[in-house]
Amino acid sequence: MEFFKIRRVIPFMRHALLFNVISLLTFVAAVFFLGYKGLHFSVEFTGGTLVEVNFKDAANVEAIREALDKAGLKGEVQNFGSSRDVLIRLPVEKGQSTADLSQKVTGLLKAQDATAEVRRVEFVGPQVGEELAEHGALALLVTAVGIVIYLWIRFEWRFGLAAIVANLHDVVIILGCFAFFQWEFSLPVLAAVLAVLGYSVNESVVVFDRVRENFRKMRKASVPEVLDSAITGVISRTIITHGCTQAMVTMMLLFGGPALHYFALALTIGICFGIYSSVLVASPLVMWLGVDRTQFVRAPKKSAAEEKNEGAVV
Amino acid sequence: MNRFPAWKYALIGLTIALASLFTLPNFFGEAPAVQVSSNKTTVKVDALLLARLEETLKGAQIINTGVLLDLHGLRIRFSDSDTQLKAKDLIEKSINPDPQNPAYVVALNLLSSSPNWLTAVHALPMYLGLDLRGGVHFLLQVDMQAAITKRLDAYAGEIRSLLRDKNLRHAGISREGQTLRLRFREAATRDKASVAINELLPVLTLAKRDDGQDLLIVATLKPEALKNEQDLAIKQNILTLGRRVNQLGVAEPVIQQQGADRIVVQLPGVQDTTKAKDILGRTATLEVRLVDEEAMRSGSSFNVDVFPERKRDGSVSSVPVKKQVLVTGDQFIGAQATFDNDQRSAVSVELNEAAGRIMRQATRENLKHLMAIILIEKGKGEAISVATIQGEFGARFQITGSFTATETSDLSLLIRAGSLAAPMEIIEERTVGPSLGKENIDKGFNATKWGFVVIVLFMSAYYTLFGVFSSIALGVNLLFLVALLSLLQATLTLPGIAAIALTLGMAIDANVLINERIREEVRAGQSPQAAIAAGYERAWGTILDSNVTTLIAGLALLIFGSGPVRGFAVVHCLGILTSIFSSVVVSRAIVNLAYGHRRRIAHLAIGDTGWK
Numbered sequence: 021m022e023f024f025k026i027r028r029v030i031p032f033m034r035h036a037l038l039f040n041v042i043s044l045l046t047f048v049a050a051v052f053f054l055g056y057k058g059l060h061f062s063v064e065f066t067g068g069t070l071v072e073v074n075f076k077d078a079a080n081v082e083a084i085r086e087a088l089d090k091a092g093l094k095g096e097v098q099n100f101g102s103s104r105d106v107l108i109r110l111p112v113e114k115g116q117s118t119a120d121l122s123q124k125v126t127g128l129l130k131a132q133d134a135t136a137e138v139r140r141v142e143f144v145g146p147q148v149g150e151e152l153a154e155h156g157a158l159a160l161l162v163t164a165v166g167i168v169i170y171l172w173i174r175f176e177w178r179f180g181l182a183a184i185v186a187n188l189h190d191v192v193i194i195l196g197c198f199a200f201f202q203w204e205f206s207l208p209v210l211a212a213v214l215a216v217l218g219y220s221v222n223e224s225v226v227v228f229d230r231v232r233e234n235f236r237k238m239r240k241a242s243v244p245e246v247l248d249s250a251i252t253g254v255i256s257r258t259i260i261t262h263g264c265t266q267a268m269v270t271m272m273l274l275f276g277g278p279a280l281h282y283f284a285l286a287l288t289i290g291i292c293f294g295i296y297s298s299v300l301v302a303s304p305l306v307m308w309l310g311v312d313r314t315q316f317v318r319a320p321k322k323s324a325a326e327e328k329n330e331g332a333v334v
Numbered sequence: 006m007n008r009f010p011a012w013k014y015a016l017i018g019l020t021i022a023l024a025s026l027f028t029l030p031n032f033f034g035e036a037p038a039v040q041v042s043s044n045k046t047t048v049k050v051d052a053l054l055l056a057r058l059e060e061t062l063k064g065a066q067i068i069n070t071g072v073l074l075d076l077h078g079l080r081i082r083f084s085d086s087d088t089q090l091k092a093k094d095l096i097e098k099s100i101n102p103d104p105q106n107p108a109y110v111v112a113l114n115l116l117s118s119s120p121n122w123l124t125a126v127h128a129l130p131m132y133l134g135l136d137l138r139g140g141v142h143f144l145l146q147v148d149m150q151a152a153i154t155k156r157l158d159a160y161a162g163e164i165r166s167l168l169r170d171k172n173l174r175h176a177g178i179s180r181e182g183q184t185l186r187l188r189f190r191e192a193a194t195r196d197k198a199s200v201a202i203n204e205l206l207p208v209l210t211l212a213k214r215d216d217g218q219d220l221l222i223v224a225t226l227k228p229e230a231l232k233n234e235q236d237l238a239i240k241q242n243i244l245t246l247g248r249r250v251n252q253l254g255v256a257e258p259v260i261q262q263q264g265a266d267r268i269v270v271q272l273p274g275v276q277d278t279t280k281a282k283d284i285l286g287r288t289a290t291l292e293v294r295l296v297d298e299e300a301m302r303s304g305s306s307f308n309v310d311v312f313p314e315r316k317r318d319g320s321v322s323s324v325p326v327k328k329q330v331l332v333t334g335d336q337f338i339g340a341q342a343t344f345d346n347d348q349r350s351a352v353s354v355e356l357n358e359a360a361g362r363i364m365r366q367a368t369r370e371n372l373k374h375l376m377a378i379i380l381i382e383k384g385k386g387e388a389i390s391v392a393t394i395q396g397e398f399g400a401r402f403q404i405t406g407s408f409t410a411t412e413t414s415d416l417s418l419l420i421r422a423g424s425l426a427a428p429m430e431i432i433e434e435r436t437v438g439p440s441l442g443k444e445n446i447d448k449g450f451n452a453t454k455w456g457f458v459v460i461v462l463f464m465s466a467y468y469t470l471f472g473v474f475s476s477i478a479l480g481v482n483l484l485f486l487v488a489l490l491s492l493l494q495a496t497l498t499l500p501g502i503a504a505i506a507l508t509l510g511m512a513i514d515a516n517v518l519i520n521e522r523i524r525e526e527v528r529a530g531q532s533p534q535a536a537i538a539a540g541y542e543r544a545w546g547t548i549l550d551s552n553v554t555t556l557i558a559g560l561a562l563l564i565f566g567s568g569p570v571r572g573f574a575v576v577h578c579l580g581i582l583t584s585i586f587s588s589v590v591v592s593r594a595i596v597n598l599a600y601g602h603r604r605r606i607a608h609l610a611i612g613d614t615g616w617k
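Going down the list, the sequences are from chains D and Y.
First residue of the first sequence? That's 21 in the working numbering, and the numbers climb one at a time after it.
First residue of the second sequence? That's 6 in the working numbering, and the numbers climb one at a time after it.
To be clear, the hints were calculated from the coordinates, so they are not data collected in a lab.
Any given hint might turn out to be false.
As the list claims (entries may be wrong) - Listed below are the simulated EDC-like cross-link pairs for lysine to aspartate or glutamate, each with C-alpha atoms no more than 20 Å apart in a straight line:
id, chain 1, residue 1, chain 2, residue 2
1, Y, K443, D, E137
2, D, K124, Y, D283
3, D, K25, Y, D613
4, D, K124, Y, E430
5, D, K25, Y, E525
Please model the entire structure based on the sequences and the hints provided.
Below, the structure is given as C-alpha cells:
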C-alpha cells in the first residue's frame with residue numbers, strides 16, 4: 021500500500037507568503053481571543069473548590085443551584101460527562117474557611133438526594149494556584165530555550181529560531197482555541213501543550229534534516245527549490261506519523277472519559293497545527309531568515325563528528 | 006551486513022525476559038487483605054503474632070488465602086471483602102483489647118494476588134496514584150511565623166526566671182514580632198543580664214539599645230537557630246500527623262515534607278474523608294498557663310493574653326492569663342477520656358517528667374489560685390478549663406470543663422496524638438472516590454488498548470511484514486515501559502496512563518521514519534540488504550534529534566510540574582527512553598533475524614515500492 025506516489029516536487033515555497041499570512045491571521049485571532057475572553061482556568065490555577073457528585077438518577081442541576089444559593093454559596097453547577105454526574109465549582113472567597121467547604125456542599129446535596137455520592141473533591145488554596153501558573157510559564161520558557169539551544173548546536177541558529185517561532189505559534193493557537201470555546205484549562209492540558217511543543221519541534225527537525233541534506237546534494241538548486249524538495253520528500257512520513265499519533269489521541273477522546281477529554285482535545289489541535297506549522301511555517305521562516313547553502317557546504321566549524329551525522333535524514 | 010552477533014540477540018532476549026518478569030505481577034490483580042502494623046516502638050509485628058492471629062482466625066473459621074510479613078507489617082489476604090471485614094473486626098478485638106490505647110494499627114488494604122516467588126524477587130505491580138485507587142491527598146502549609154513566636158515566648162519565660170534567680174531587676178520583657186525586648190533601668194544590671202542570657206541561651210543574638218527612656222536588650226534568633234527551629238517544627242508536625250493517621254487506621258499512608266514549609270499527606274483507600282480531614286485538619290495545641298487574677302479584677306489587658314472561656318451555661322467570658330507558658334502540648338504523653346468524682350466528663354492527662362516538675366513547682370507556689378488550660382485551634386485560643394489549684398500535683402491530673410462525652414474523647418485523641426509545633430492550614434485537597442478511581446483505570450486502559458490496536462492494524466496493512474515488525478517493537482516498548490514503572494514503583498496516575506498512550510503514538514514515528522527510508526532506498530535501486538542497513542543508519546540521527554527535543558519538554562515538565570503533571574512527565578520521559586531502544590534496537594534485531602541470514606532476497610515485504 022502506498023498513499024503518496026508523489027512524482028514531482030510540490031512547489032510549497034511559491035505560496036510561502038500566503039501561508040505566512042494565514043498563520044499571522046490565525047495567530048492574531050488567537051491572541052485576540054486570549055486577551056478578550058481569556059483562558060477559563062481550572063481550580064488548580066485559580067484556587068477554589070471543585071466537587072464531583074454522582075446521582076442514581078438524572079441530577080436536578082437547577083435544584084442544586086438553588087440549594088447552594090440558599091446556603092449563601094456562589095457556585096457554578098454543570099453536568100459532567102453524563103446527566104447523572106454533576107460538577108460544582110466554588111471560587112475562593114475571603115473570610116470563608118475553604119477547607120470545610122466541600123463538607124458543607126456534600127451535606128447540602130445529601131440532604132436533597134440521599135443517593136448523592138461524592139466522587140471527587142479538589143480544593144486548591146490561592147497561593148498554590150499562583151505557584152502552579154508560575155511554574156507552568158517557567159516550564160514553557162525552559163522548554164523553548166532548551167529546544168532553541170539544541171537546534172542551534174545541531175543545525176544553525178536560523179533553524180532553532182524558525183522551529184521555536186513556528187511551534188510557539190501552535191501553542192498560542194491551542195491556547196486561543198481554549199479561550200475562544202472557553203474550554204477548561206487544567207493541569208493535564210498544560211502538560212499536553214508542552215508535550216505538543218516537543219512533539220511538533222521534532223516534526224520540524226525531520227524537515228530541517230532533509231533540508232540540510234538537500235543543500236549538500238542539490239548544488240545548483242535555489243533555496244526555495246531545496247526547501248520544496250525536502251518537504252516533498254518527508255511529506256508521506258509526516259502524515260503517517262501524525263496519523264498514528266492522532267489515532268491514539270482519538271481513542272483517548274472516545275474512550276478516555278471526561279477526565280482526559282480536554283487533554284486529548286489540546287493534543288488534537290496541537291497535532292493538526294503541528295503538521296501545518298512545521299511544514300508551511302517553519303520552512304518559509306528559515307527562508308526569510310536568509311538560510312544559504314554556504315552555511316552547510318563549507319561551514320568551517322563542522323567537525324568530523326558532525327560530518328558523520330550529516331546523512332542522518334529521511 | 007544485517008546480522009547481529011549472538012551475544013547481542015542474547016542481550017536483547019534477556020532484557021525482554023526481565024521486562025516480562027517485572028510486568029507479570031500487574032496481571033494478577035489484587036485481593037482484599039487486612040494489614041496489621043505496630044503503633045508503638047516497643048510493640049513488634051513478628052512471626053509470633055502471625056501464628057497467634059492465624060490461630061484466632063482458624064478458631065472463628067475464617068479462611069485466609071495467604072500471608073505476607075515484611076517491614077511494613079503483616080498482611081493477611083482473603084478471598085472476598087465480606088470475609089475481610091469480618092476478619093478485621095476479629096483481629097482488632099483480639100490484639101487491641103483497649104481501644105483507647107491501641108498497640109497495633111489494623112487497616113483494610115489490598116494485596117497483590119501474584120504468587121509469592123514474584124514478590125520475593127521484588128516484582129511488584131505498578132504503584133497506583135490516588136486518582137486511580139481512590140483516597141485523599143492533602144497539602145498542608147506550616148505557619149513558620151507562629152512556630153518562631155511560640156519559641157520566643159518560651160525563651161521569654163526562661164529569661165524571666167533566670168533574671169529572678171540571679172536577682173537582676175528588669176523593667177519588663179516583651180515580644181514584638183520576631184524580637185524580644187528586655188527593658189532595664191541601670192546599665193550595670195543590663196550588662197550582667199546580657200552575659201547571663203548569653204550563657205543560658207546562646208541561640209539568641211543580643212543587641213544593646215537605648216530608646217531614651219529605658220536601656221534595652223533586643224534579642225533575636227540567630228539565622229542558624231531560626232533554620233533549626235523551622236526544621237524542628239516541621240519534623241514535629243510530621244511526627245504528630247503520623248500518629249494521628251495511625252489513629253485512623255490507614256494502610257499505606259504517605260506523610261512527607263515538601264519544600265521548606267509544606268507537608269504532603271496521602272491516604273490511599275480512605276473512604277471516610279470527613280473524619281480524616283477533621284482529625285488531620287485540627288491544628289490543636291494545648292497550653293497550661295496561670296490566670297492573672299489582678300488583671301481579672303481590674304479588667305486591664307496590659308502584659309496578659311486574653312482568651313474567651315465557654316462556660317457550662319453557654320455564656321462566654323474572657324480570661325486574662327500570664328504570658329508565661331508552663332506546659333505546651335508536646336509535653337503531654339498520655340490522655341484518656343474519663344469522668345471526675347462528680348460524674349462530669351473529664352480528660353485525665355499525663356505529662357513528661359520535665360513538665361511534671363514544672364507543674365509541681367507551679368502548683369505549690371500558686372495554691373488556691375486559678376490555672377487555665379488553653380486549646381489553640383487554627384490560631385485562635387480558647388480557655389477550655391479554668392480551675393482553682395486545690396492541691397499540689399505533678400505529672401498526672403484531670404482537665405474538667407464544660408465537655409460532652411464525645412468532646413472529651415476527641416480531645417483526648419488530639420492530646421494523645423501529640424500537638425503540633427506550629428499551626429497548619431490545608432492549602433490543597435484532592436479526594437477521589439474508589440468507584441471513580443476504578444473507572445479511571447478502565448477508561449485509560451481502554452483508550453490505550455484501542456489506540457494500540459488501530460496503530461497495529463494500520464502499520465501491518467501499510468508496511469506489511471515490516472509493519473508487523475514495527476508493531477512487535479511497539480509492543481515490546483509497552484512491555485519495557487510497564488516493567489520500568491513497576492520496577493521503579495513510580496506512581497501511576499491517570500495522566501500517566503495518558504502519557505503511556507501518547508508515548509506509544511509518538512514512538513511509532515521512529516519506525517515510520519525507518520520504514521519510509523528503506524522504501525526510498527529500495528526505490529532508488531539499492532539491494533534489499535543494503536536498503537535495510539541504509540534505512541536504519543540514516544534514520545538514526547533524525548530519531549535521536551526528534552527524541553531529544555521531545556525529552557527537553559518532558560524534563561521541563563518533570564522539573565516544574567507538580568501533582569498530575571508530574572505523573573505525566575515521569576511516564577513521558579521513561580517512555581521516550583524505552584522507545585528509542587525498542588524502535589531502533591529491538592526492531593532491527595527482528596528484521597535481522599528475518600532477513601539477515603538469507604543470501605538472496607528477491608523482494609522486501611515493506612509494502613508498495615514498485616512505482617516511479
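Hints, verified against the model:
Straight-line distance between C-alpha atoms of Y/K443 and D/E137 comes to about 15 Å, which keeps the hinted pair within the 20 Å bound. For the suggested pair D/K124 and Y/D283, the alpha carbons sit about 13 Å apart, so the restraint of at most 20 Å is met. At roughly 10 Å between alpha-carbon atoms, D/K25 and Y/D613 fall within 20 Å of each other, so this suggested pair holds. At roughly 18 Å between alpha-carbon atoms, D/K124 and Y/E430 fall within 20 Å of each other, so this suggested pair holds.
Among the hinted pairs, D/K25 with Y/E525 is consistent with the structure: their alpha-carbon atoms are about 12 Å apart, no more than 20 Å.
Figure legend: structure checked against the earlier numbered hints; every hint is met.
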